[in-house]
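Residue numbers (the working numbering), protein chains in the order written: chain X, 1 to 112; chain R, 113 to 225.
Hint data in this document are derived by calculation from the structure and do not stem from the laboratory.
Be a bit skeptical, because a hint or two may be false.
Okay, derived cross-link-like pairs now, DSSO-like style, lysine-lysine, Cα gap no bigger than 30 Å in a straight line [what the hints assert, rightly or not]:
#1 X:K57 - R:K123
#2 X:K42 - R:K183
#3 X:K63 - X:K42
#4 X:K42 - R:K123
#5 R:K126 - X:K42
#6 R:K123 - R:K169
#7 R:K169 - R:K126
#8 R:K126 - X:K69
Here are a few chain R residues that sit away from chain X, every Cβ distance over 10 Å (derived from the structure) [unchecked claim]:
#9 K123
#10 V131
#11 I138
All of these numbers come straight from a predicted model, not from anything done at the bench.
Note that CB positions come from ideal geometry on N, CA and C, so glycine has one too.
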Amino acid sequence: EDQVTQSPEALRLQEGESSSLNCSYTVSGLRGLFWYRQDPGKGPEFLFTLYSAGEEKEKERLKATLTKKESFLHITAPKPEDSATYLCAVQNYGGATNKLIFGTGTLLAVQP
Amino acid sequence: DTGVSQNPRHKITKRGQNVTFRCDPISEHNRLYWYRQTLGQGPEFLTYFQNEAQLEKSRLLSDRFSAERPKGSFSTLEIQRTEQGDSAMYLCASSQTGGDGYTFGSGTRLTVV
């Protein structure tokens, strides 16, 4: 069964203190790995899709990387506005729905 | 592009009542998804439409749940005889075939009292 595990569950950083979030996955055939950001009371906001091991994508202070077993979301010099829950999800090749299987997320708090 | 719109944003209902939620996807998106999210959890897949055809339903979607997407445009999700366990955020998302990632709406938060 396809599964996504995110760690840590919660992370508190000081402004400017870089760190990484982890997403470990097992999937029958990876079509894509997705990172989303979710603010309280809102829907997830798309950040990145990674398709193959070794791929990297960047957006402002965020950089996502992918291996055959896990993905990392690196946050460089975070700011308080980066505080949110970060969700990882996988999509497999089975079926035609392109449904996403999500992890439980990492709650990031960046203090000024 | 106004994004994915969901109504209502919040719904409080008494146990046993029926509720209906609406989702208006991005106009050019042919794929529409419903997910459910409870506190501290990631979204869980409920059902998928390609145009007007409902192509997959999760085991989570009991007989009390029904979803429609008439004419391949907006979609509705109805829950009959609501139970306290139905309390959650119901998220709608849309995408285009071959597109990169979904666009989610802001969700409808259901509270069953």
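Against the structure, the hints:
no.: 1; hint: X:K57 - R:K123; in the structure: 38 Å, violated
no.: 2; hint: X:K42 - R:K183; in the structure: 28 Å, holds
no.: 3; hint: X:K63 - X:K42; in the structure: 23 Å, holds
no.: 4; hint: X:K42 - R:K123; in the structure: 15 Å, holds
no.: 5; hint: R:K126 - X:K42; in the structure: 24 Å, holds
no.: 6; hint: R:K123 - R:K169; in the structure: 23 Å, holds
no.: 7; hint: R:K169 - R:K126; in the structure: 26 Å, holds
no.: 8; hint: R:K126 - X:K69; in the structure: 45 Å, violated
no.: 9; hint: K123; in the structure: 14 Å, holds
no.: 10; hint: V131; in the structure: 19 Å, holds
no.: 11; hint: I138; in the structure: 12 Å, holds
Of the numbered hints stated above, those contradicted by the structure are hints 1, 8, listed in ascending order.
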